[in-house]
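Top to bottom, those sequences are chains U, L, F and C. If you read the first sequence in numbering that gives the first Met the number 0, its first letter stands for residue 0, the second for the next number, and so on. If you read the second sequence in numbering that gives the first Met the number 0, its first letter stands for residue 0, the second for the next number, and so on. If you read the third sequence in numbering that gives the first Met the number 0, its first letter stands for residue 0, the second for the next number, and so on. If you read the fourth sequence in numbering that gives the first Met the number 0, its first letter stands for residue 0, the second for the next number, and so on.
In short, the hints are calculated from the structure, not lab data. Keep in mind that a hint or two might mislead.
As the list makes no split between identical chains, a pair holds if one copy fits it or if it spans any two.
[Unchecked claim] Computed list of lysine-lysine pairs in DSSO-like fashion (alpha-carbon distance at most 30 Å, straight line):
1. Lys15 to Lys53
2. Lys15 to Lys129
3. Lys129 to Lys53
4. Lys9 to Lys129
Quantities reported herein were computed from a predicted structural model and do not represent experimental measurements.
One letter stands for each residue in the lines below.
Number of protein chains: 4
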Amino acid sequence: MMENGWHTTKIRVRYKDTDRMGVVYYGNYLTYFEIGRAEYMRALGFPYSSLESKGYTLVVTEAIAKYHANVGYDSLIKVKTAITDLRKVRVRFDYEVISEEEKRLVSGHTVHACMNSKLKPAKIPPDMMKTMEEYTFVYLLVAFPSDIFSNIQEASGI
Amino acid sequence: MMENGWHTTKIRVRYKDTDRMGVVYYGNYLTYFEIGRAEYMRALGFPYSSLESKGYTLVVTEAIAKYHANVGYDSLIKVKTAITDLRKVRVRFDYEVISEEEKRLVSGHTVHACMNSKLKPAKIPPDMMKTMEEYTFVYLLVAFPSDIFSNIQEASGI
Amino acid sequence: MMENGWHTTKIRVRYKDTDRMGVVYYGNYLTYFEIGRAEYMRALGFPYSSLESKGYTLVVTEAIAKYHANVGYDSLIKVKTAITDLRKVRVRFDYEVISEEEKRLVSGHTVHACMNSKLKPAKIPPDMMKTMEEYTFVYLLVAFPSDIFSNIQEASGI
Amino acid sequence: MMENGWHTTKIRVRYKDTDRMGVVYYGNYLTYFEIGRAEYMRALGFPYSSLESKGYTLVVTEAIAKYHANVGYDSLIKVKTAITDLRKVRVRFDYEVISEEEKRLVSGHTVHACMNSKLKPAKIPPDMMKTMEEYTFVYLLVAFPSDIFSNIQEASGI
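Here chain U stands alone, though its shape is the one from the complex (with noise of 0.2 Å):
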C-alpha cells in the first residue's frame, strides 16, 4: 500500500525474532527495514533482486533507529517506508515500524550509496531514478509543502 510517499509492509513478527526479555531484539529492526525497502522497491516496479542482477548494489553507509516501544512474538507490525532524500548516485529511505494498534515502536532511516559490480560508485539506473522522484516529491509535498513552493517560487525567479 502506497500513501503520501509512504509504502507499507506487514511483517509477522517470529519466535526467531525475540530475545529473552520477551520482545523483539533491538538489531532485528534493521532487517525490518530492509523488508520495509526491499518491498516499497518492488511496489515500483524496481525490486531489489532485479537492481542486482543488473550489476548494481545499495550498499548501506549508514543506519540509525529510534526505539519508542517494545513488541513480542507473534505481533503482526508494519513498517512504513519513504525515499526521503535522493541524490545521483544516493538514496535515503525512512521507516517508520508501527504496532497492529497504532503504536509507533521505532523510527529510522538508512543511507545507501549506489555501486556498479566492481563495487565503484554508480548513478542509480535513470529509469528506476525517474520513478523514485516521483515518490519522493510526494513525500517532501505532503511533509514540507511550504518549502516546497518556497524553493519552486525561488527557482522560477518571483
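We have chain U already, so just place chains L, F and C on it with the hints.
Just chains L, F and C now, kept in the frame of chain U:
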C-alpha cells in the same frame, strides 16, 4: 583489554553472519555492539547478566551505525567500546569495529535507559555507577583533554 | 491453505537469511519450520502465542533437516506442514520446503514435548488435541491408506 | 583442544541467540555446529575459509539435533566436534554441546558433500583427506575399539 577508556573484544565472523554480498550483514553489527558492551561490562566487574539477575535492564533507546568498509567470513575483527556519556538513569556506549589490518569498518553508538523489573526508569546501581564514572572520565580526559580542564577551572572558580 | 492434512505457508526469503554462498543459510530452515507450524496452528484455531499465554509450551526435543536443493534472495518459497504423530504429551510435525517452481528444497521434522509453566510434561489441552487428531487422521489416511484400514479392521475384530 | 578425536571450542551465548523462553533458540544450535566444525578444521590446519578460496565447498545435505537441556544468556558452552564418517566426496561431523557444569545440552550431526566451484561433486583434496583420516581413525578407535580390531583382523586375513 582496556586502554584510554576503550575496551577491546575480538570476534570471529561466522558464516551465519555473512549475506549474499559475501560480507557481514549490516544489521549484525548491532549484535557485535552487544558483544562489545557485554565484555566491557564484564571487564568492569559488572556482567550484564548479573545486572539483569538483580532486576535491572538497560533498554536500548537509540542505535546508530556508520559503515566505512566491509569484511567477510572468518575475519577476526575487534570491537572497541567506551562509555562516552553517563547520567543517573542513562548511559551511552560508543563503538569502533576494526579489521585485523586495523581498517575502520563500522563506528556507532547506542543509548540505554536503566529500568527496574517493572520497566520503570531506575537509577543505575551506585557501585556500578562509580566504576563506570571512572572509565568515562578516562575516556573524556583522553578524547577532550582541554575541555575537561576548562570545565574544572570554571567549576573551581578560577 | 490446508489440503490432505498438509498446511501451506508462503515465505519471502530475506537478504538477512542468505549467506556468502548466495543461498539460504542451512540453520535458517529451522526458522522456516517454526513459521510453518505457527501458521498451521493458527489455521487450526490454536495460535501458538495463545497456547503460551495459557501456560503451555511445546519444547523441541528433536529437529531433522535434509537438504535437496538451494534457493536464494527474494525467492517466494512454500513451507508445507503436517502433524504426522500425536501422543498425549508429544507431537511431531513434518515439513516440506518447496520453491516457486515446485522444486523440493528441504524436508524434515521436529518433535515437541508439551510442558506446563513449571516446565513439567503436561497433556496437550483437550480441545486442541481433538482438532489436531482430526488433521493427523486426514494426513495418515492419505499417506498410508491401507495401513489405516488394516488397523481399523484389527481394532474392530473383523 | 583435541582429545580422542574430539575437538572442543568454547562459545559465549549472545543475547541475540536467546528467544522469549529465555534460552537459546533451537535453530541457533546449527550455528554452534558451524562454529564447532570451523574450529575443528582450523585445528587440523585446513581452515574452511581457505578451502573455499581454493574453489571447494562442503554443502550440507543433512542436519540433525537432539535437545536434552536448555541454556540461557551469557552461558559459556562447549561444542565438541568429531569426524565420524569419511568418504571420497562426503564427510560427517558429530557434535556434543555441553554446559559449563558438564550437562549435555544438544547432540547431533551434519553430513556434507564436497563440491567444486561449479557445484559438482568433487573429491576432498588429498592433503586434507589424509589429515582428516587420521583424526577419524582416532575417533573410531576410541568409540568402537573392538570393531576396529576385528576389521583389521579380517582385512589381514587372520
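Problem - Hints breached by this structure - result: Per hint list: zero violations.
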